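4 protein chains.
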Amino acid sequence: MELKRYERRTHYYETDKLGIVHHSNYIRWMEEARVDFLKQIGLSYIDMEERNVSSPLVSSACQYKKAVHFDDVISIGIRVTQYNSVKIMFHYDMINQRTGEICCTGMTEHCFTTGEGRPLILKKAHPQVDAAFREWLEDQENPR
Amino acid sequence: MELKRYERRTHYYETDKLGIVHHSNYIRWMEEARVDFLKQIGLSYIDMEERNVSSPLVSSACQYKKAVHFDDVISIGIRVTQYNSVKIMFHYDMINQRTGEICCTGMTEHCFTTGEGRPLILKKAHPQVDAAFREWLEDQENPR
Amino acid sequence: MELKRYERRTHYYETDKLGIVHHSNYIRWMEEARVDFLKQIGLSYIDMEERNVSSPLVSSACQYKKAVHFDDVISIGIRVTQYNSVKIMFHYDMINQRTGEICCTGMTEHCFTTGEGRPLILKKAHPQVDAAFREWLEDQENPR
Amino acid sequence: MELKRYERRTHYYETDKLGIVHHSNYIRWMEEARVDFLKQIGLSYIDMEERNVSSPLVSSACQYKKAVHFDDVISIGIRVTQYNSVKIMFHYDMINQRTGEICCTGMTEHCFTTGEGRPLILKKAHPQVDAAFREWLEDQENPR
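Residue numbers (numbering that gives the first Met the number 0), protein chains in the order written: chain A, 0 to 143; chain B, 0 to 143; chain C, 0 to 143; chain D, 0 to 143.
Simulated from the structure, these hints should not be mistaken for laboratory data. Incorrect hints may appear among the rest.
Identical copies go unnamed one by one, so any copy, or any two together, can satisfy a pair.
[To be verified] The calculated lysine to any residue pairs, modelled on SDA-like cross-linking and capped at a C-alpha distance of 25 Å, are:
1. LYS123 with ASP70
2. LYS64 with VAL85
3. LYS65 with PRO118
4. LYS86 with TRP135
5. LYS64 with GLU108
6. LYS64 with GLU30
7. LYS65 with GLY18
Keep in mind that this is a model prediction, so the values were computed, not measured.
Required output: the full structure, derived from the provided sequences and hints.
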């Protein structure tokens, strides 16, 4: 199974007075790409919520490499770089389709909780979800 | 009782590539002013939620009179212009403190529902909240 | 020529603590739809900027009919309802693809200025742009 | 000279469907605190722009420690942790006034360019700005 990169055109309201897209939007695009990724591997946010699984953000980081402009189309790739049934880490690369250049890389780290905020060990609580993440992590390490 | 106008400095991330504050922020400032107003008349959003009263937006309108710039301070006045225990209408005027000019006027119209979305008649369901709105509406019509 | 409606999936970060999409996003989606519309009729924002034509918002209005949820796809139709070479008015209707219902209608009214903010009469300053808008307005009144 | 921490109440539109403030707002609050800090040390964004100095973000990182709720007041401290006339790094700590707990820590790293994007060495181009940052960095290392 091969993932499709997430594509996303920038909006006028995302620009700032420097004339470029404001940096605070990138972490929102990462969320959009993550939602799309989870859907592609069969674990939509809405399914997760029905299972009462929440995945709050623990930390994030972002490297801003090239300014992005209004109406540029950004293609975002996402990989699971760590997973151990208590935490998951995603890595993102963003390519500006107009220039072909990487404009941003980033990562987000999440834990798992119930909707009420109690910590979850996925392996015990939701073995199928755990298996899906593990399989995808293995796919990363041993690309077919 | 006299209300204090709500004051609010504009942020860099609220500007757009025209170099001015993007128009989509005004409706957010109206919400900030409304939250502040409700607190001042003793009906905070959080109190309302504890009473399981929600006040979803039915309609809004906005007249954009003067561009607003980064780091300007906007002073927002708010009045209850209609209230009948099923709907409430607020009117807003925004003055740019830097220029002394009105930069925007607007209105929002809200109905009342339970948190689950069932319509509420405030007079029956929450007579105290109803009285507070009525009193404030009367204050508008017959300023002391 | 027939316009394609603008389609747009809602994002997680657009929701609020009521569990629905926050109303302040609708005016942003109207902008997205307008940008797309202008592109479709051959007048992209970027072309307009190269001609040094700006179209600041004068007023807006919005009727919120049905709550919209995370991951819903909204289809937005847009029409030119008034145009006189000094001002233009757009009307928007938004249909939630999940339910088939109209969730929101709205309008925005714009004037025309140079990038520096001086008023423009499009008929004189940019007859081609003027003709494009007029043609599109006529298309609305006399649909072929 | 002692800096005042930046205080900021959270807004309803900053919450998400989990019922807490969406993580994407923290990087915006860091910008607000930075703007306030620069003003306090006599280097407002607007002064910087008049000197044609821009300070684009190079990287950022954020650790999300505790969820923040609607209407909480967040107090943000900011320190210059590195500066060498080509780059500057700020560190942020955010305390939720309601709970007294640190809810978030973060950092941002910026370079200096002209408004047109050409790299700047502040020591050469703007010795006074350079001196201000150096002094403040020294203040950090040798608190009086």
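Hints versus structure:
For a Cα distance limit of 25 Å, the shortest separation of LYS123 from ASP70 qualifies neither inside one copy, at 45 Å, nor across copies, at 29 Å. For a Cα distance limit of 25 Å, the shortest separation of LYS64 from VAL85 across copies, 16 Å, qualifies, whereas the shortest one inside one copy, 31 Å, does not. For the homomeric pair LYS65 and PRO118, the shortest alpha-carbon distance between copies (13 Å) is at most 25 Å, but the shortest distance inside one copy (38 Å) is not. Only within a single protomer do LYS86 and TRP135 lie at most 25 Å apart by alpha-carbon distance; the minimum there is 14 Å, versus 38 Å between protomers.
Proximity of LYS64 and GLU108 under a CA criterion of 25 Å is satisfied in both settings, with 21 Å inside one chain copy and 12 Å between copies. For the identical chains of this complex, LYS64 and GLU30 are neighbours both inside a copy (19 Å) and across copies (19 Å), given an alpha-carbon limit of 25 Å. For a Cα distance limit of 25 Å, the shortest separation of LYS65 from GLY18 qualifies both inside one copy, at 13 Å, and across copies, at 20 Å.
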